[in-house]
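S.K.: Residue numbers (numbering that gives the first Met the number 0), protein chains in the order written: chain U, 0 to 440; chain S, 0 to 289; chain E, 0 to 364.
Because the hints were derived from the structure by calculation, they are not lab data.
From a predicted model like this one, the values you see are computed outputs, not experimental measurements.
Think of the CB as a built atom: it goes at the ideal place given N, C-alpha and C, for glycine as much as any other residue.
Treat the hints loosely; a few may be bogus.
Claimed, not checked - The following label-pair restraints were derived from C-beta to C-beta distances:
| # | chain 1 | residue 1 | chain 2 | residue 2 | range |
| --- | --- | --- | --- | --- | --- |
| 1 | U | Arg-73 | S | Gly-141 | 55 to 63 angstroms |
| 2 | S | Val-239 | U | Pro-283 | 45 to 53 angstroms |
| 3 | S | Ala-249 | U | Arg-73 | 56 to 64 angstroms |
| 4 | E | Pro-158 | S | Asp-250 | 50 to 58 angstroms |
| 5 | U | Arg-13 | S | Tyr-53 | 31 to 39 angstroms |
Unchecked claim - DSS-like cross-link-like pairs, simulated, lysine-lysine; straight-line CA separation at most 25 angstroms:
| # | chain 1 | residue 1 | chain 2 | residue 2 |
| --- | --- | --- | --- | --- |
| 6 | E | Lys-55 | E | Lys-191 |
| 7 | U | Lys-95 | U | Lys-179 |
| 8 | E | Lys-138 | S | Lys-225 |
| 9 | U | Lys-95 | U | Lys-240 |
| 10 | E | Lys-33 | S | Lys-177 |
| 11 | E | Lys-191 | E | Lys-95 |
| 12 | U | Lys-72 | U | Lys-129 |
| 13 | U | Lys-95 | U | Lys-205 |
| 14 | E | Lys-194 | S | Lys-162 |
| 15 | E | Lys-230 | E | Lys-194 |
| 16 | E | Lys-138 | S | Lys-233 |
| 17 | S | Lys-108 | S | Lys-225 |
| 18 | E | Lys-194 | S | Lys-177 |
| 19 | U | Lys-205 | U | Lys-179 |
| 20 | S | Lys-177 | S | Lys-233 |
Given next are the chains, with one letter for each unit.
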Amino acid sequence: MTLPLGDRQPAKGRFDAIVVGGGPAGLSAACTLADGGSRVCVIERGDWPGSKNMMGGLIFAQPTSKVVPEFWKRGPVERPVTRRELWITTGDAAFKGAYESTDFGVEPYNAFTVFRSRFDKWLAGEARAKGAVILTETLVEDLLWDGERVAGVRTGRSEGDLEADVVIIAEGANSFLTEKAGLCQGAESGSLALAVKEVLALPKEKIEDRFSLEDGAGAAYEIIGEITDGIPGTGFIYTNKDTVSIGVGVILKDMVNRAGAAYNLLERFKAQPQVRRLIAGASPREYTAHLIPEGGYRGMPRLYGDGVLVAGDAASMVNAVFTEGANLALLSGRIAAQTVLRASEFGTFGCETLSYYGGLLEDSLIMKDLKQYKNVMPLLSSHLHFFGLYPEIASAAVKEFLTVDSLSKADKHKLIMKLVRSQRPSRKMIKDLYEAWRAIS
Amino acid sequence: MAINSVVCVKQVPDTTQVRIDPETGSLIRHGLPSVVNPFDLHAVEAALRLRDIYGGRVTALSMGPPQAEESLRKVLGFGVNRAVLLSDRAFAGADTLATTYALAAAIRKIAAEEPVDLVICGKQSIDGDTGQVGPGLAHRLGMSQVTYICGLEEIDLEARTIKAWRQLETGRELLEAKLPAALTITETCNRIRYASLPDLIAAAEQPVEIWGVDDIEVEREHLGLKGSPTRVNKIFAPPVRERGEIFAAADSSAAEVAATVFDRLALRGVTLGGNGRSTSIADSKPVGDT
Amino acid sequence: MAANLKKPGEVWVVVEHTGSEAAAVSWELLGVAKKLSAELGTRPAAVIIGDGDHGKTLSEQAFSFGAEAAYVADHPALTPFTAEPHSQALAALARKHNPEVILLGATTKGRDLASAVATDLETGLTADCTELGIDPETKLLRQTRPAFGGNIMATIISPDTRPQMATVRPGVFARPEPVAGASGELIATKPKLAKDQPVRQLQFIPDPEDEASLQGADVIVSGGRGMRQAKNFIMLGELARELGGVVGASRGAVDAGWVSARHQVGQTGQTVRPILYIAVGISGAIQHLTGMQHSDIIVAINNDPDAPIFDIADYGIVGDLFEIVPAMIAEARKRKDGKAAPASKIDTGGGETGGEDFLESEASA
Ligand SMILES: Cc1cc2nc3c(=O)[nH]c(=O)nc-3n(C[C@H](O)[C@H](O)[C@H](O)COP(=O)(O)OP(=O)(O)OC[C@H]3O[C@@H](n4cnc5c(N)ncnc54)[C@H](O)[C@@H]3O)c2cc1C
Ligand SMILES: Cc1cc2nc3c(=O)[nH]c(=O)nc-3n(C[C@H](O)[C@H](O)[C@H](O)COP(=O)(O)OP(=O)(O)OC[C@H]3O[C@@H](n4cnc5c(N)ncnc54)[C@H](O)[C@@H]3O)c2cc1C
Ligand SMILES: Nc1ncnc2c1ncn2[C@@H]1O[C@H](COP(=O)(O)O)[C@@H](O)[C@H]1O
Numbered sequence: 000m001t002l003p004l005g006d007r008q009p010a011k012g013r014f015d016a017i018v019v020g021g022g023p024a025g026l027s028a029a030c031t032l033a034d035g036g037s038r039v040c041v042i043e044r045g046d047w048p049g050s051k052n053m054m055g056g057l058i059f060a061q062p063t064s065k066v067v068p069e070f071w072k073r074g075p076v077e078r079p080v081t082r083r084e085l086w087i088t089t090g091d092a093a094f095k096g097a098y099e100s101t102d103f104g105v106e107p108y109n110a111f112t113v114f115r116s117r118f119d120k121w122l123a124g125e126a127r128a129k130g131a132v133i134l135t136e137t138l139v140e141d142l143l144w145d146g147e148r149v150a151g152v153r154t155g156r157s158e159g160d161l162e163a164d165v166v167i168i169a170e171g172a173n174s175f176l177t178e179k180a181g182l183c184q185g186a187e188s189g190s191l192a193l194a195v196k197e198v199l200a201l202p203k204e205k206i207e208d209r210f211s212l213e214d215g216a217g218a219a220y221e222i223i224g225e226i227t228d229g230i231p232g233t234g235f236i237y238t239n240k241d242t243v244s245i246g247v248g249v250i251l252k253d254m255v256n257r258a259g260a261a262y263n264l265l266e267r268f269k270a271q272p273q274v275r276r277l278i279a280g281a282s283p284r285e286y287t288a289h290l291i292p293e294g295g296y297r298g299m300p301r302l303y304g305d306g307v308l309v310a311g312d313a314a315s316m317v318n319a320v321f322t323e324g325a326n327l328a329l330l331s332g333r334i335a336a337q338t339v340l341r342a343s344e345f346g347t348f349g350c351e352t353l354s355y356y357g358g359l360l361e362d363s364l365i366m367k368d369l370k371q372y373k374n375v376m377p378l379l380s381s382h383l384h385f386f387g388l389y390p391e392i393a394s395a396a397v398k399e400f401l402t403v404d405s406l407s408k409a410d411k412h413k414l415i416m417k418l419v420r421s422q423r424p425s426r427k428m429i430k431d432l433y434e435a436w437r438a439i440s
Numbered sequence: 000m001a002i003n004s005v006v007c008v009k010q011v012p013d014t015t016q017v018r019i020d021p022e023t024g025s026l027i028r029h030g031l032p033s034v035v036n037p038f039d040l041h042a043v044e045a046a047l048r049l050r051d052i053y054g055g056r057v058t059a060l061s062m063g064p065p066q067a068e069e070s071l072r073k074v075l076g077f078g079v080n081r082a083v084l085l086s087d088r089a090f091a092g093a094d095t096l097a098t099t100y101a102l103a104a105a106i107r108k109i110a111a112e113e114p115v116d117l118v119i120c121g122k123q124s125i126d127g128d129t130g131q132v133g134p135g136l137a138h139r140l141g142m143s144q145v146t147y148i149c150g151l152e153e154i155d156l157e158a159r160t161i162k163a164w165r166q167l168e169t170g171r172e173l174l175e176a177k178l179p180a181a182l183t184i185t186e187t188c189n190r191i192r193y194a195s196l197p198d199l200i201a202a203a204e205q206p207v208e209i210w211g212v213d214d215i216e217v218e219r220e221h222l223g224l225k226g227s228p229t230r231v232n233k234i235f236a237p238p239v240r241e242r243g244e245i246f247a248a249a250d251s252s253a254a255e256v257a258a259t260v261f262d263r264l265a266l267r268g269v270t271l272g273g274n275g276r277s278t279s280i281a282d283s284k285p286v287g288d289t
Numbered sequence: 000m001a002a003n004l005k006k007p008g009e010v011w012v013v014v015e016h017t018g019s020e021a022a023a024v025s026w027e028l029l030g031v032a033k034k035l036s037a038e039l040g041t042r043p044a045a046v047i048i049g050d051g052d053h054g055k056t057l058s059e060q061a062f063s064f065g066a067e068a069a070y071v072a073d074h075p076a077l078t079p080f081t082a083e084p085h086s087q088a089l090a091a092l093a094r095k096h097n098p099e100v101i102l103l104g105a106t107t108k109g110r111d112l113a114s115a116v117a118t119d120l121e122t123g124l125t126a127d128c129t130e131l132g133i134d135p136e137t138k139l140l141r142q143t144r145p146a147f148g149g150n151i152m153a154t155i156i157s158p159d160t161r162p163q164m165a166t167v168r169p170g171v172f173a174r175p176e177p178v179a180g181a182s183g184e185l186i187a188t189k190p191k192l193a194k195d196q197p198v199r200q201l202q203f204i205p206d207p208e209d210e211a212s213l214q215g216a217d218v219i220v221s222g223g224r225g226m227r228q229a230k231n232f233i234m235l236g237e238l239a240r241e242l243g244g245v246v247g248a249s250r251g252a253v254d255a256g257w258v259s260a261r262h263q264v265g266q267t268g269q270t271v272r273p274i275l276y277i278a279v280g281i282s283g284a285i286q287h288l289t290g291m292q293h294s295d296i297i298v299a300i301n302n303d304p305d306a307p308i309f310d311i312a313d314y315g316i317v318g319d320l321f322e323i324v325p326a327m328i329a330e331a332r333k334r335k336d337g338k339a340a341p342a343s344k345i346d347t348g349g350g351e352t353g354g355e356d357f358l359e360s361e362a363s364a
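Model the full assembly from the supplied sequences, consistent with the hints where possible.
M.R.: Shown next as structure tokens:
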């Protein structure tokens, strides 16, 4: 079908770069490229960037402000996070560690809670303002090749081929283009996590009261223990302006093996007494489920080829515990864009030029973090007691200690240690707990 | 000679997701996605098809908050030539009378630059659901009024007339209207095209013009809330019908369940085999349960 | 127009008609107009716009349904109906007689006409009302209507302008019982209209007779996406026939192409108010419910116990419709004792109820 274009000019020439996926990785790449004067086109399959994204979670201020300086002044952020807690739960008890800093409540901030559906949409607006072309409701179905080189993409629209010097794959978890580009073999379910989340409405005052927050400040809680019913995973609670995001993420493989519905886990989590208190009276707004690659360093594909780069979740750049995915996506998108800008100075987009991406990533906190945590997922999968036994021991111990009865404090101490050691040797336990804490803090 | 159209496009909340807060009695707007009023997409398609045949230009016009620009962007993607957003605080809170006042002023301004032969609206918006804006525009602009169009036949460029099929409750009528005309389009009128990639790219680079009160010739007292004769007095959740008796077919055979249901119906006066109106329950209908 | 007239004007109902016959909704509205004018201390009146001598017959009918006066505007340009001359005629009458309220059916013609007149008179118009009442203190017309696809209800008033105009969907209010021989004041007018109107009707193709009308049906058996295939609607036609009703559908079924759009019940279809509504394989989306929730008795058949349709059903049957519907047909036949064994009739059938194309091809199946 050819349409008279009226007084419009048909799109002239090809783009310098095509970005597949309008998530944080793709949009940060687009912002950086547009800033560098590159003609960039972002292709997103959803109705708008963020429309497919359920995440209501944390965006870290440092990496994000590199892409969009002082985004908190203009972007749709919910609350700056001044309070983080880690809980280990069992039955009706919880063992809590908290960190609070009022510094985090002022510039330059540390992290914000956001709704990704709004944040991504806004970030797309920023990218557009910088000159990027954002196409929505358009599915990228395949890559175009020029010999061995990726030369563009094929979309589901009529006259749908689009060429460019370089394609940045930023299509999120389960990236099939990465496979098509010959960069990986496809993810196995062991490296995928399933997250289920609910948004619950709660008045602002109640949120600040229940989470002991100053006016406008936010909290992020991570919770491990019995709530996931022995399956490796975590629960989380984040405060937004007048809603609370609450969810559970578990390793898909283990989940499937246990044949329990993810939704039941969320219900179980919400019924945990301490959790229940936080969300009492809150009314549900929406419920969503989403896949996250949890493979981390071990699950990463090759990151570049001739005319192609992979960033964000598509490159499995997710910290074992998923709270930092968007972070890494933003950073890696930016680095991919910097690589492309440098490549256009040389005028070549082959593997060698793009290998610069690998180098930049190695030096960035992305690879450092991913490598550091590369053993976490296997560790959690093989240490299932993290999610059952430990919380139980810890809680039994604390309960014993805090129960005032006829025993002296010294006797209690002895009793507790005996109780604990009977369950697991203390040397092992200390090591376990140390690793666990590192993995999630 | 060519046919120039102005298509009115409204951004509406996705009504399948609208809920009322039972405590505050107010609309829950949280996270409510916005969409282009589905009928307006058919209006856009109708305008584009006419342009395919007769040539001319299609301008999309919307009145709404700044984010309504998204809706215009979307219809630019279908190949609309120009997009204008009327956005100003002064327009806020408009009912259909104040809406047509502002839209008509904008259409007059567009018509001052190039003749406007057709104003095309969707048959109704899914939030307000009134279908009043199209006819209101026809009246204000002195255009022929043809609503609920289910098929466009042809335009006679010489005689300056358009022929269109209109869907009534009892059948369809073929109307001939003098141009300029204001049309409202139903979903059966056409199938919406999926824009080509080049069109979409061209649209993404096309600006949306934003007009405020000072860009059009209007008197402020006819705009927005001030210019609206209707007032929303209160909103509330729709009354709920009581959940009745539930039979599980699993507990007994289908025949038994069917028999039980007919017994219940008989108790309430429903007789079999026609003319139910003459049964006793017909009279028990409340008249305007206010 | 000036508000706060000392004596309130009348409550008008614009009678929609085909020349000889009035649309049922007009008489439904006269019932409401009577109630409203009693509360206002004024009288209900019918407005009959058209051409020829039908004004007399229609006004007599209007009197029998409660009108105390009838304005008859008569001009050759007024038939067949087109919006422009009708709105000019109605606006002229309203300017002259200052009614307090004007009610019209929310039909294609009624909505068309009402919008143009309200714009002309620069007054408020509320579409698709489901409830009308007079505020005892302010004496304002309280117009309640669904909005946002039926998810919320809104009560709307027009405090400062007159007349207060509203359209009401057919089937929302019950038709009053006619009083034979009732009479009223007849006010005949000859509006000044141009002979040459901007819109003219070239052709009218009535819907086939066998497309049994949902409006005014006592029993409606509606099918949804759960019906799975066009031919399964034959079964609904049979049940409808046994119950003396017609076949309706959800948008799901219409979109799937199993039945024509004329059968669609709901927000973008028709509002119905039968005595008995049977929803078969319909989930009960809000857009469907807005079209049928005023039915006297609702029966729902669905295999999903959590389907929202059960929330408004008087009788819900949780089970497979392909078992339940045949059982209901059999049961209905059993009960209609003495009547001719209908089995053969059904197999050859197709003409009478739910007369869809597929019935023809599938009748022998
Ligand atoms: C419940 C949950 C909580 C989380 N919490 C946090 C948190 O608190 N903080 C944090 O930093 N991270 C969090 N994450 C992780 C974070 O969401 C991801 O790491 C991040 O979104 C990755 O960004 P991305 O741009 O790589 O991919 P995505 O955000 O997945 O974006 C990819 C985009 O590409 C589009 N797309 C895909 N395929 C195609 C195609 N073929 N054609 C066109 N478009 C396509 C998709 O529609 C999508 O919009 C969380 C994840 C989940 C599920
Ligand atoms: C702007 C707008 C306007 C709309 N207007 C209307 C309207 O006017 N009218 C309308 O109806 N809809 C309308 N809709 C669509 C509406 O939202 C729903 O999508 C539609 O009503 C669904 O149709 P359904 O119930 O037939 O299908 P579904 O929702 O798919 O339901 C099918 C049901 O059949 C049941 N079922 C399946 N198999 C069996 C079996 N063997 N036995 C028993 N039960 C079975 C299932 O459990 C299910 O509940 C509108 C939507 C929008 C956005
Ligand atoms: N704010 C608006 N901006 C542009 N067009 C509108 C607006 N409101 C209504 N319309 C048009 O009028 C039609 C009928 O709307 P409504 O009268 O609200 O049911 C819609 O389908 C649109 O084409």
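S.K.: For the pair supplied as a hint, Lys-138 of chain E and Lys-233 of chain S, is the alpha-carbon distance within the 25 angstroms limit?
M.R.: Holds - the C-alpha atoms of Lys-233 of chain S and Lys-138 of chain E are around 17 angstroms apart, at most 25 angstroms.
S.K.: So if I understand the rule, the pair passes when the alpha-carbon distance is 25 angstroms or less; does Lys-230 of chain E with Lys-194 of chain E pass?
M.R.: violated, 50 angstroms
S.K.: When you take the CB atoms of Ala-249 of chain S and Arg-73 of chain U, is the distance between them in 56 to 64 angstroms?
M.R.: Holds, at about 58 angstroms.
S.K.: Could one say that the CB atoms of Arg-73 of chain U and Gly-141 of chain S fall in the range 55 to 63 angstroms?
M.R.: Check failed, 45 angstroms falls outside 55 to 63 angstroms.
S.K.: With the threshold set at 25 angstroms, check whether the alpha-carbon distance from Lys-138 of chain E to Lys-225 of chain S stays at or below it.
M.R.: Cα-Cα ~22 angstroms, so holds.
S.K.: Has the given pair, Lys-194 of chain E with Lys-177 of chain S, been kept, meaning a C-alpha gap of at most 25 angstroms?
M.R.: holds, 14 angstroms
S.K.: Against the range 45 to 53 angstroms, how does the distance between the Cβ atoms of Val-239 of chain S and Pro-283 of chain U compare: consistent or not?
M.R.: This hint is violated: roughly 19 angstroms between Cβ atoms.
S.K.: Hey, Lys-33 of chain E versus Lys-177 of chain S, does the alpha-carbon distance stay inside 25 angstroms?
M.R.: violated, 40 angstroms
S.K.: Need the status of pair Lys-108 of chain S, Lys-225 of chain S: alpha-carbon distance at most 25 angstroms?
M.R.: holds, 22 angstroms
S.K.: Does the alpha-carbon distance linking Lys-72 of chain U and Lys-129 of chain U stay inside the 25 angstroms limit?
M.R.: Distance of about 18 angstroms is within 25 angstroms: holds.
S.K.: Need the status of pair Lys-95 of chain U, Lys-240 of chain U: alpha-carbon distance at most 25 angstroms?
M.R.: Given that 25 angstroms is the threshold and the Cα spacing comes to 24 angstroms, the pair holds.
S.K.: With the threshold set at 25 angstroms, check whether the alpha-carbon distance from Lys-95 of chain U to Lys-179 of chain U stays at or below it.
M.R.: violated, 46 angstroms
Of the numbered hints given earlier, the model fails hints 1, 2, 7, 10, 15, 19 and 20; all others are met.
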